[in-house]
Every structure is written in C-alpha cells, then in structure tokens.
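In the order they appear, the protein sequences are chains A and B.
Straight run, no breaks: the first sequence in our numbering ends on number 127.
Straight run, no breaks: the second sequence in our numbering ends on number 1483.
Just so you know, the hints here were simulated from the structure itself, not pulled from any lab data.
C-beta: ideal position from N, C-alpha, C; glycine also.
It is possible that some hints are incorrect.
[Said to hold, decoys possible] Simulated crosslink set (SDA-like; lysine to any residue; CA at most 20 Å straight-line):
no., chain 1, residue 1, chain 2, residue 2
1, A, Lys-79, A, Phe-30
2, A, Lys-46, B, Asp-1393
3, B, Lys-1418, A, Ser-108
4, A, Lys-68, B, Leu-1454
5, A, Lys-79, A, Ser-10
6, B, Lys-1479, A, Val-91
7, B, Lys-1418, B, Glu-1481
8, B, Lys-1415, B, Tyr-1470
9, A, Lys-68, A, Gly-19
10, B, Lys-1415, A, Gly-19
11, B, Lys-1426, A, Trp-104
12, B, Lys-1415, A, Thr-31
13, B, Lys-1426, A, Tyr-35
14, B, Lys-1415, B, Pro-1456
15, B, Lys-1479, A, Tyr-35
16, B, Lys-1418, A, Val-122
17, B, Lys-1479, B, Gln-1403
18, B, Lys-1418, A, Val-91
19, B, Lys-1483, B, Lys-1426
20, A, Lys-68, A, Val-91
21, A, Lys-46, B, Ser-1385
22, B, Lys-1479, B, Arg-1437
23, B, Lys-1418, A, Ser-10
24, B, Lys-1426, A, Asp-115
[Said to hold, decoys possible] Which residues of chain A face chain B? A few of them, derived with a C-beta cut under 7 Å, are:
no., residue
25, Gly-45
26, Gly-47
27, Tyr-106
28, Ser-126
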Amino acid sequence: VQLLDSGGDWVQPGGSLRLSCAASGFTFNRYAMSWVRRAPGKGLEWVSSISGYGDNTDYADSVKGRFTISRDNSKNTMYLQMESLRVEDTAVYYCAKVPWEYCSTGNCYFDFWGQGTVVTVSS
Amino acid sequence: DIQMTQSPSTLSASVGDRVTLTCRASQSISVWLAWYQQKPGKAPRLLISKASSLQTGVPSRFSGSGSGTEFTLTISSLQPDDFATYYCQQYNVYSGAFGQGTKVEIK
C-alpha cells in the first residue's frame, strides 16, 4: 500500500487549496479514505472521510461547510477541496486508508497513512 | 466529546528497557482503541487496533491491553528503532479523538 499526498502550499486567509492523495497497492473502491491533520504544537485531528464508492461523506465540525472531500476511483485518487481557509487550518494534512468500506463521522482507525502535505495559511 | 489523555508526555529510556505508555479516555470506549508510532517527517504507522490486536508486520515486543477507559502500550525490550512518538486514538464515537502523544527518547 502506498499513499502519496500532495497539493499543500502557502495561502492567504480566505483562500482555497486542493489536496490530492494518489493510492496504490490495494483495491481502492473497497475502502473508505480519510484526511487527518496535525496543527503545529497540537495533536492529530480527524478532518473528513469518504466511503469507498464516494456516496457517503463526513466532516469534522471545524471544517464543515468549507471543505469538500471527493474521490475518483478510476484514478485511485482522493481529494480535499479547502475553501475559506483560516489561520487555524495551518497543519500537516495526511491522507489515510480506513480498513473497511465506510467510516461514519470519523469513528474508525487508519491502517495506512501518507507522508503528509503542509498547508500554511498566513497573511 | 471524548478526550484522550496520554502519559507521560515524554519518556526517557535505554535500549533493552521495558516501557509502558498509558492512554486514558474521558468515558468508556470499550476496546475501540488504536496505537500509532510516528517518527519525524514520516507517516504514522498503525501498531495495534481493538486495544490489543497487533498489526501484521509489527514486532511482537509491542503489546496493547486495556478496556473501558484505561489502556496501555508496552514495549517489552526497547530497540533503537523504537524511539519515536506514540499516539492513541479512540474510534468508538464521533471524531475518533487522538491523544497528544508520548515521545520515547533515548536516556
């Protein structure tokens, strides 16, 4: 299993960014996928999850209405579209694989992780 | 929300030591707890799920125990490759909260 996350960058408050996670080594559409982040000096925080076929999505309250998770199973790739970014969204963002097809409201664990991509929101 | 508290925040130990890390939940989570290892600049690695189920490929010197609100991760004989930060995570209810981590450093 390999997860390659990318797309992190510096952006001003109010800006947008799209993260990507390219997956290989497993049957992508059979598993839910998630984004987890770690802000500087803080612990890990679940951000969002999407089911294997993309028909169910969930978000942490801190990003609901601003972030959109999606996936393209034909490309074995997951995305996180981030809008209206805030300084407090500054973090390393990790994509992570869930060991089953659906993860409801973040109550799942993660058996494989990407290396992380850095998002910095600052003026 | 469930809060996860790990102790100690830093643990200094020597190669060969037996070390025990603790994770406490603010309310019962049954056995729905995972442990991860992370080294600087690397992806987190799943060690244990369901409180005590060792993942494939994880050395047997790692073991997990506990249920309800108190859990432990034990490394029976610390190896040089084990110096890292360890996180617990509950996945019983909403948001799958993580602990703040325990850094295991060389004494």
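Structure-based check of all given hints:
1. Using a Cα cut-off of 20 Å, the hinted pair A:Lys-79 and A:Phe-30 holds, with the two alpha carbons roughly 13 Å apart.
2. Under the criterion of a C-alpha separation no larger than 20 Å, the hint pairing A:Lys-46 with B:Asp-1393 is inconsistent with the structure, at around 28 Å.
3. A distance of roughly 27 Å separates the Cα atoms of B:Lys-1418 and A:Ser-108; the hinted pair therefore is violated under the 20 Å criterion.
4. A C-alpha spacing of about 42 Å is found between A:Lys-68 and B:Leu-1454, which places the hinted pair above 20 Å, so the restraint is violated.
5. Taken as a hint, the A:Lys-79 and A:Ser-10 pair is honoured in the structure, with Cα atoms around 15 Å apart against an allowance of 20 Å.
6. This hinted pair does not check out: B:Lys-1479 and A:Val-91 have alpha carbons roughly 27 Å apart, beyond 20 Å.
7. Proposed proximity of B:Lys-1418 and B:Glu-1481 is supported: the alpha carbons are some 17 Å apart, at most 20 Å.
8. For the given pair, B:Lys-1415 sits about 27 Å from B:Tyr-1470 by alpha-carbon distance, which is inconsistent with the 20 Å threshold.
9. Distance restraint check for A:Lys-68 and A:Gly-19: the Cα-Cα separation of roughly 16 Å lies within the 20 Å cut-off, and the hinted pair is therefore satisfied.
10. Distance check on the hinted pair: B:Lys-1415 and A:Gly-19 sit about 31 Å apart at the alpha-carbon level, beyond 20 Å; violated.
11. At roughly 14 Å between alpha-carbon atoms, B:Lys-1426 and A:Trp-104 fall within 20 Å of each other, so this suggested pair holds.
12. Taken as a hint, the B:Lys-1415 and A:Thr-31 pair is broken in the structure, with Cα atoms around 27 Å apart against an allowance of 20 Å.
13. The suggested pairing of B:Lys-1426 with A:Tyr-35 holds, with an alpha-carbon distance near 19 Å, which does not exceed 20 Å.
14. Our distance criterion of 20 Å between C-alpha atoms is met by B:Lys-1415 and B:Pro-1456, whose separation comes to about 12 Å.
15. The hinted pair formed by B:Lys-1479 and A:Tyr-35 fails the criterion: a straight-line CA distance of about 31 Å is larger than 20 Å.
16. Straight-line distance between C-alpha atoms of B:Lys-1418 and A:Val-122 comes to about 13 Å, which keeps the hinted pair within the 20 Å bound.
17. The straight-line distance between the Cα atoms of B:Lys-1479 and B:Gln-1403 is roughly 24 Å, outside the 20 Å bound, and the hint therefore fails.
18. Note on B:Lys-1418 and A:Val-91: the hinted pairing is violated, with a Cα-Cα distance of about 24 Å set against a maximum of 20 Å.
19. A hinted pair counts as satisfied when its Cα atoms are at most 20 Å apart, and B:Lys-1483 with B:Lys-1426 does not qualify at roughly 31 Å.
20. Restraint check for A:Lys-68 and A:Val-91: satisfied, since their Cα atoms lie roughly 16 Å apart, inside the 20 Å limit.
21. With a CA separation close to 13 Å, the supplied pair A:Lys-46 and B:Ser-1385 stays within the 20 Å bound.
22. As the CA atoms of B:Lys-1479 and B:Arg-1437 are separated by approximately 18 Å, the hinted pair is consistent with the 20 Å bound.
23. Of the pairs offered as hints, the one joining B:Lys-1418 and A:Ser-10 holds, with about 14 Å between alpha carbons and a cut-off of 20 Å not exceeded.
24. Between the alpha carbons of B:Lys-1426 and A:Asp-115 the distance comes to roughly 12 Å, so the proposed pair stays at or under 20 Å and holds.
25. A least Cβ separation of about 10 Å between A:Gly-45 and chain B goes past the 7 Å threshold, and the interface hint is therefore violated.
26. The interface hint given for A:Gly-47 holds, since its Cβ lies 5 Å from the closest Cβ of chain B, which is under the 7 Å cut-off.
27. At its closest, the beta carbon of A:Tyr-106 sits 13 Å from a beta carbon of chain B; the interface hint therefore is violated under the 7 Å criterion.
28. With a cut of 7 Å, the hint placing A:Ser-126 at the interface with chain B is violated, because the nearest CB-to-CB distance is about 21 Å.
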